[in-house]
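There are 2 protein chains.
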Amino acid sequence: MTRRQCSIADALGVVGEKYSLLVLREVFFGVRRFDAMIRNIGAPRDILTARLRHLVEAGVLEKVPYSQRPPRFEYHLTDAGRELRPVLLALMKWGNRHLVDRPPVVWKHSCGADLDPVLVCHACGEEPVTGSLTPRFRDPGWTAAGLSAD
Amino acid sequence: MTRRQCSIADALGVVGEKYSLLVLREVFFGVRRFDAMIRNIGAPRDILTARLRHLVEAGVLEKVPYSQRPPRFEYHLTDAGRELRPVLLALMKWGNRHLVDRPPVVWKHSCGADLDPVLVCHACGEEPVTGSLTPRFRDPGWTAAGLSAD
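First to last, the protein sequences are chains A and B.
Each residue of the first sequence is one higher than the one before, counting from 1 in my numbering.
Each residue of the second sequence is one higher than the one before, counting from 1 in my numbering.
Hints may contain errors.
Pairs count within a copy or across copies, as identical chains cannot be separated in the list.
The calculated lysine to any residue pairs, modelled on SDA-like cross-linking and capped at a C-alpha distance of 25 Å, are [as the list claims (entries may be wrong)]:
(1) K63 to G30
(2) K18 to F28
(3) K108 to Q5
(4) K108 to P70
(5) K108 to A144
(6) K63 to R138
(7) K63 to A123
(8) K18 to R45
(9) K18 to E126
(10) K108 to V56
(11) K18 to S67
(12) K63 to R97
(13) K18 to V106
(14) K108 to G30
(15) K18 to G125
(16) K63 to G131
(17) K63 to R45
(18) K18 to E83
Just so you know, the hints here were simulated from the structure itself, not pulled from any lab data.
Bear in mind the structure is a predicted one, so any value in this text is a computation, not a measurement.
Construct all of the structure, not just a fragment, from the sequences and the given hints.
Right under this line is the structure:
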């Protein structure tokens, strides 16, 4: 079976496991140490250990020592990790709109406004709406419907 | 233990399970029927069945009958489902930049450009960069670091 080649699926292979994006949320908040992450996320220790290892191996986080004796590390975002900010903000906006009465967190942007994150086309500045996007596939045989039979 | 109240965590409760966002990707491609989703995603049937049920219950997809005998359904995006487009596009962009040599899919926008999706502040039009966002918490006691001890 040939599944659709897709960067969304690939990205979810890195950050799609339960708790991975919440780890990144904590690091964006400036929470970089294991025990504080455990408290704020409410995740089991063994699972969070596995998620952190995976995120480090994938180049999203890096381990930085803050104590030699005993050896202790904290987790910092790499450039690739920082570039996941739009994913988190898009999820936050959706959750705020559809799942909660009032946003638990409001982000003030340096422009002075409370952040309302919108995803726009870099070329024209407009939000892509239904019907405005047409896919082109690299792999021969693939269409929007799937792999064609011929 | 009091975990951080967070719309990202809430949103992941709806779309954060393995294959859920790939189901939505397929519906955005116009693939609305179970067997075609199975082929394109490469997911086990029982898991995809559970994901579809959860997405319908959460109001992200709706079942629309297309045959009476036998009874057959296809899955359509609700308004809430369509508003997940930015999440998928942000993940796609990140995967394209960090995980693949060449994008497997390029989306042509109706403005004429190949889509480069950027997440900007609605008020000022700029991308939020590191250090430009300051969180305000609704629940007393919470800070960026976590629940304060006092």
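Where does the structure disagree with the numbered hints, that is, which hint numbers, in rising order? 4, 6, 7, 9, 10, 11 and 15
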